[in-house]
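K.L.:
Chain residues, written in single-letter form:
There are 2 protein chains.
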Amino acid sequence: MFETDNLGTANYTVDSALEDYLNVFPEENLKSEYVDVEDSLSRILYEDILIKKDYPPLDRAIIDGYALKSSDISHTSAIKPVKLQLISDTTGEARSVLGEKQAIKISKGDFLPANADTVIPSLDGTEENGFVKILKSSSPGNCIAGRGEDLRSGEIFIRKNRKLRPQDIGGILGIGYRQVKVFKKPVVTIIPTGNELVPIDVEPGIDQIISSNGYVLKGFVEQLGAIARISAIVRDDLNQVKNAISKALEVSDMVLVSGGCSSGDRDYTLKAIKELKDAKMIAHEVAMRPGSQILLAIVDNKPVIGLPGHPVSSMTSFHVFGKPVLRKLAGTPRSFWQDKKDTIKLDAFLAKKIASPEGKEDYVRVRLLENEEGKITAYPYTGKSSFLSTLVKSHGIIKIPAECTGLYEGDRVEVLLF
Amino acid sequence: MFETDNLGTANYTVDSALEDYLNVFPEENLKSEYVDVEDSLSRILYEDILIKKDYPPLDRAIIDGYALKSSDISHTSAIKPVKLQLISDTTGEARSVLGEKQAIKISKGDFLPANADTVIPSLDGTEENGFVKILKSSSPGNCIAGRGEDLRSGEIFIRKNRKLRPQDIGGILGIGYRQVKVFKKPVVTIIPTGNELVPIDVEPGIDQIISSNGYVLKGFVEQLGAIARISAIVRDDLNQVKNAISKALEVSDMVLVSGGCSSGDRDYTLKAIKELKDAKMIAHEVAMRPGSQILLAIVDNKPVIGLPGHPVSSMTSFHVFGKPVLRKLAGTPRSFWQDKKDTIKLDAFLAKKIASPEGKEDYVRVRLLENEEGKITAYPYTGKSSFLSTLVKSHGIIKIPAECTGLYEGDRVEVLLF
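Those protein sequences? They're chains D and Z, same order as listed. -17 is the number of the first residue of the first sequence in the working numbering; add one for each residue after it. -17 is the number of the first residue of the second sequence in the working numbering; add one for each residue after it.
Where hints are given, some of them may not hold.
[Stated by the list, open to error] Using 27 Å as the maximum straight-line C-alpha spacing, the simulated DSSO-like pairs for lysine-lysine come out as follows:
#1 D/K224 to D/K253
#2 D/K381 to Z/K259
#3 Z/K357 to Z/K310
#4 Z/K310 to Z/K229
#5 Z/K224 to D/K224
#6 Z/K335 to D/K90
#7 Z/K327 to Z/K284
#8 D/K375 to Z/K90
#9 Z/K51 to Z/K142
#10 D/K34 to D/K163
#11 Z/K62 to D/K375
#12 Z/K87 to Z/K34
#13 D/K90 to Z/K357
#14 Z/K323 to D/K253
#15 D/K166 to D/K142
#16 Z/K224 to Z/K335
#17 Z/K51 to Z/K62
#18 D/K327 to Z/K375
#19 D/K323 to Z/K253
#20 D/K65 to D/K142
#21 Z/K34 to D/K142
#22 D/K305 to Z/K256
#23 D/K327 to Z/K90
#24 D/K115 to D/K34
#25 Z/K34 to D/K375
#26 D/K357 to Z/K342
#27 Z/K229 to D/K375
#28 Z/K13 to Z/K51
#29 D/K322 to Z/K34
#30 D/K224 to D/K342
#31 Z/K163 to D/K90
#32 Z/K253 to D/K342
These are computed hints drawn from the structure, not numbers from a lab.
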């Protein structure tokens, strides 16, 4: 059993704890799978996609007009126009071939006849009686996108670690792939613990609570592109908690234990993890609030995270530790702009001051209001306001760094929307 | 057959066309359905969720400590401490009752014994031999979240039109709901048209193209929370296009026709829509580029949109017209912060100047690069770079208003990530 020096001390900073924890799960260990391209939306590429052949495969018009041979109009001018015979357009069926002094009416995007080398825009030609009158000459390649101009065989089309967007799927199908290799979706089992919990189908007694944290975590897990399983509720009992974690590990890549993470008499999560084979604790107290009593463990080389049972602490701890770990297990998208899409932030002005304990990172939920001029104000929830209502009323969270003792009314803050 | 004055004129602005079109589909016409709360992630609430009963149902400790009767320690001070007998904690099983001069050890979040009215923090008590020594008095309600303090029966818990987040699901389950009424997911049928198209399973001939636009549109439709169906490829034939649209309307709330929207000889989408029963055209040319030749129609009170076949124009037109319409059909989230999550924008500096035609809204794809200081530069794709590669290489789009004739290098631009 390996234990770090920081274990169980409130001085373990969020950043150090997270860094230590993430380092345990290298990307090389992640699994991949092939999926049909059309089913790969939001999946993360495991390897580069290479271009198989030139695109376009032929020359193509980039404007509506007339395809012709530039040699047929080489000495053309307004005073010396040339008339070309229009032949019928068979594009889409078979490739046309132009005869002497012939042209073909062509639409933007259509392939050129085999021996045409230029396109004259519709506006520069006048049709009459099956002929088109052209008033100026044109050089080869005019208004044409040449073969291979867009994509060249052998080059990288999309780099690995991209989270695939709809247009990426279109592109990958367009260059002829039917399957792509993506990171396998991690399976996450969520274990709700606590004698006070009842399943969502049961009417709770006066001292019971509906087990809802698991569904919150499930939603976040699914938003990160992973598969979530919620186990049956486990009572506050060492063996039951231990067995539940073992069972979950058999079928999961990550386990979240909800509740039982404090150091009270009925808190068994830490004890249970410690008794498991191949268990390592990384942290069981971190300098943050809410959610300081988070358990970061590795069992069987998989992350096992103990989250506080309080809904707000549970969600906060998951955001701070669970999300980055799960993002890594799912195959982290590498681009900063994909990061911006996954963690949406906005600037706001604080509506009232917040005191914050020095030495702890403080996460404060805020409710946002936008006035008519578009100014956004953030109203913090502090003190007693820590139950279900603020979970649904708050729109985001602000982080107050450990060294900061508070923020003032009017301060500009960055809100992470959740 | 109704036709607006602006029909078929290039002067019809994007904003007017969109406003005219959106007005045709009032929210009152939208359908709703009940779904299990745990399956309602990202669904949009059709009606307010009301609180059924007070929460917490009982008084609850908000800190670890000792629950007791304030009257037992009313005259307590450091020089006149009081010793209370600790009785065993049965919370989670049945509610305890305190006898004379008794206290109970309580964890944060636990319900108080029936006759306790205050909680003394752990730090302010000293335990010895089954007793706890208290050094100061306390008023009733100290460190307690009272019954109904968080939620009051009859009040609104979440307003309608919210797009449900994981924490909303937890909250709704927590207050005892098993189902919620949400807007029904619109069904969107996408019809790919064009003689040059082959299905994704077929190796294209030299003058054929893999039909991939439909899959791009499908991805966007699904990201908006709707259900997408892709029909078989339809050839450039008036009756086939007409029949395909009719068939699609039987089972869809919206139809997207991909291709055949220009005014060329082989373009049948406009003609087909005009021949359908109860068809109204709102626009078939709009002052924008790319994608000016978009068809906005209403058939059988449902939106039928014709999108250009060119991949870039198709995606741009869908962003400008398809998305807002589909968002409305899906039940638009009303909050500005949900809007910010659905349309993610960021500021960047333009890498080189762009000329833009006056009188047309111009949509330019950009590739983003972030330097080490976090400065983001947007590289525009213009000119011939209009094929598959820019679809996958671009990270977002910037809009140049109709009255603007261009932007300069270094200009600050707002990029809509897609």
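K.L.:
Any hints from earlier that this structure breaks? Give me their numbers in increasing order, please.
P.N.:
The structure conflicts with hints 2, 3, 5, 7, 9, 11, 12, 13, 14, 16, 19, 20, 21, 22, 23, 24, 26, 27, 28, 29, 30, 31 and 32, although it agrees with all the remaining ones.
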